[in-house]
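Chemist: As a plain string of letters, each chain reads:
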Amino acid sequence: MGRILMKGNEAIAVAAIRGGIDAFFGYPITPQNEIPEYLSKHLLANGKAFVQAESEVAAINMVYGAAGAGARVMTSSSSPGIALKQEGISYLCGAQLPAVIVSVMRGGPGLGGIQPSQADYYQATRGGGNGDYNLIVFGPETIQETVDIMKEAFAIADQYRNPVLVLVDGLIGQMMESIDLDRPVKERNLPPKDYATTGTRNHPGRHIINSLYLDPLELENHNKKLQQKYALVKAQETRYETVDLEDADYVIVAYGTMARIVRSAMETLKKLGIKVGMIRPITIWPYPEAAFDLIKADCKGILCTEMSAGQMLDDVLIANNGRHKVAFYGRMGGMVPDPEEIVAAIKNFSDWVVK
Amino acid sequence: MNSTCRIRVAGFGGQGVMMFGQMLAYSATHDELNTLWFPSYGPETRGGTANCSVIVSNQTINSPVFKAADHLVVFNMPSLTKFQEQIEQGGLILYNASLIKTAVKSDKALVVGIPINDIAHDLGSLQVANMVMLGAYLELTGLFTDATITEIIKKFMGERKAHMVEINIQAIAAGRKQIRDIGVTYVKTS
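These protein sequences, in sequence, are chains A and B. Quick note: the first sequence uses this note's numbering, first residue 544, plus one each step. Quick note: the second sequence uses this note's numbering, first residue 3, plus one each step.
Just chain A, same shape as in the assembly:
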């Protein structure tokens, strides 16, 4: 089948169906409404579950219930809505339940606006929920890459029994691109869902889905298990792309839509004779720290650029570990920089140095 033209949000919904979604629970918010709109038609028509819940909090707890019963379950929302789901997300991680969460970021804080933003990097990678937990977080740059990751997301969540968060900005949700829905997905050997509460007719004895451990030693051991799992995720699932990195005098770090804007800026910079490369994290948790070891020793500096005040910048500073000068250029509140701004930031690198 050839490529078709689709809006990002609809492509996310189609890819979720390809990934084997059984149930969706959500609550409307711009700019991601086409996801539930599409799924509401197609899930119910195919005997699957779709509920527009009374709130985000209700929706994420429905996700918890369905995941506990062994279903491939998904929710989607945008920034303030994802904020409301944080408690449930922590519970999912505590109870080791797989789920797919799509976050289509808009400007904040508070109700903010509805234009594209990347100001929920902290929310995605540091979380607003309690406890030592991590989500497996992808930050794709095109609709095609978002589709490819969505098709794989349920299997990744099942493999590690942990929520996967697909983090895109409003631009990816609202724009249309020509895409191929049929690209192959990596095969995974998935463990049986022997924890699922499908009724005692199906399994001897009771299955209990729980995140409460009142004995601190027992809770510490549970946490050790979780940390071992996160170490495994780091070793097996970290993804990134490098572009022209080996020879680069300046290295730009960007994810999502910003990475595409950087690619255009790089074309201009090359014409100006400036050697510039890029590190593009595809997973933003786990963060691809190893990529920074590929930067040449006499590199003049690293520019981190985001549609935020500088959140991924923390991870860039950690990965850089004091080796090179680091600068930051960002826009906030729904403003999307054009490539010329990135070109100017590299030309005037010293003006933007943070450390």
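Listing some non-contacts, in silico: residues in chain A with all C-beta distances to chain B over 10 Å:
no.	residue
1	VAL728
2	LEU733
3	ASN753
4	VAL776
5	ALA778
6	GLU789
7	SER893
Restricting the straight-line Cα-Cα distance to at most 20 Å, the calculated cross-link-like pairs of lysine to any residue (SDA-like) are:
no.	chain 1	residue 1	chain 2	residue 2
8	B	LYS157	A	GLU553
9	B	LYS69	A	ARG874
10	B	LYS156	A	ARG546
11	B	LYS69	B	LEU112
12	A	LYS814	B	SER5
13	A	LYS584	B	GLY160
14	A	LYS814	B	GLU90
15	B	LYS157	A	GLY545
16	B	LYS190	B	ASN60
17	B	LYS110	B	VAL189
18	A	LYS814	B	ALA70
19	A	LYS818	A	LYS868
20	B	LYS84	B	SER55
21	B	LYS190	B	GLY144
22	A	LYS768	A	GLN779
23	B	LYS157	A	ARG546
24	B	LYS69	A	ALA887
25	A	LYS814	B	THR62
26	A	LYS814	B	LYS69
Which stretches of chain B does chain A cover? Using the computed rule of at least three CB atoms under 8 Å from a CB of chain A, they are:
no.	region
27	22–28
28	35–42
29	66–79
Simulated from the structure, these hints should not be mistaken for lab results. All residues carry an ideal CB built from backbone N, CA and C; glycine is no exception.
Based on the hints, put chain B in the right spot on chain A.
Modeler: Chain B in isolation, oriented as in the chain A frame:
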């Protein structure tokens, strides 16, 4: 085509600005080119001005946003005022001469005015003014053939609006004819 074309389309909500852009994006996909369509989706789309960007390319499309457009298509005066400076050297500005009565000048771009409302009115439906504009745009740029556009119009209208296909095709033809009658040709210089 062998390059990247960045097109900005702007007008009042309801003038068919988004559809104009989507027709280009669907046509590009049909012709196996890369394409990206991006709408303004802010509160302004609920009345007032609306605009969208389209990129058509035979290469990988990088930045979805751009400052200067290769082609600017404007349906009303506020859109012209807002975007006419954001145009590449050697670009094209195509405007709705039914609503923009002042002389439009640009030292960077070829400027062409088409009275799309009047032409659409003569065809019997003001609704197809955007398709008159599309016809004029395609005649100037040579981007897509009538065969491609006809197929996309049929797909776009579906069964429910199948009765609208014919008048849309007529509108495309009328827009193309208007350009030939004026005798203007556009060749991108840069």
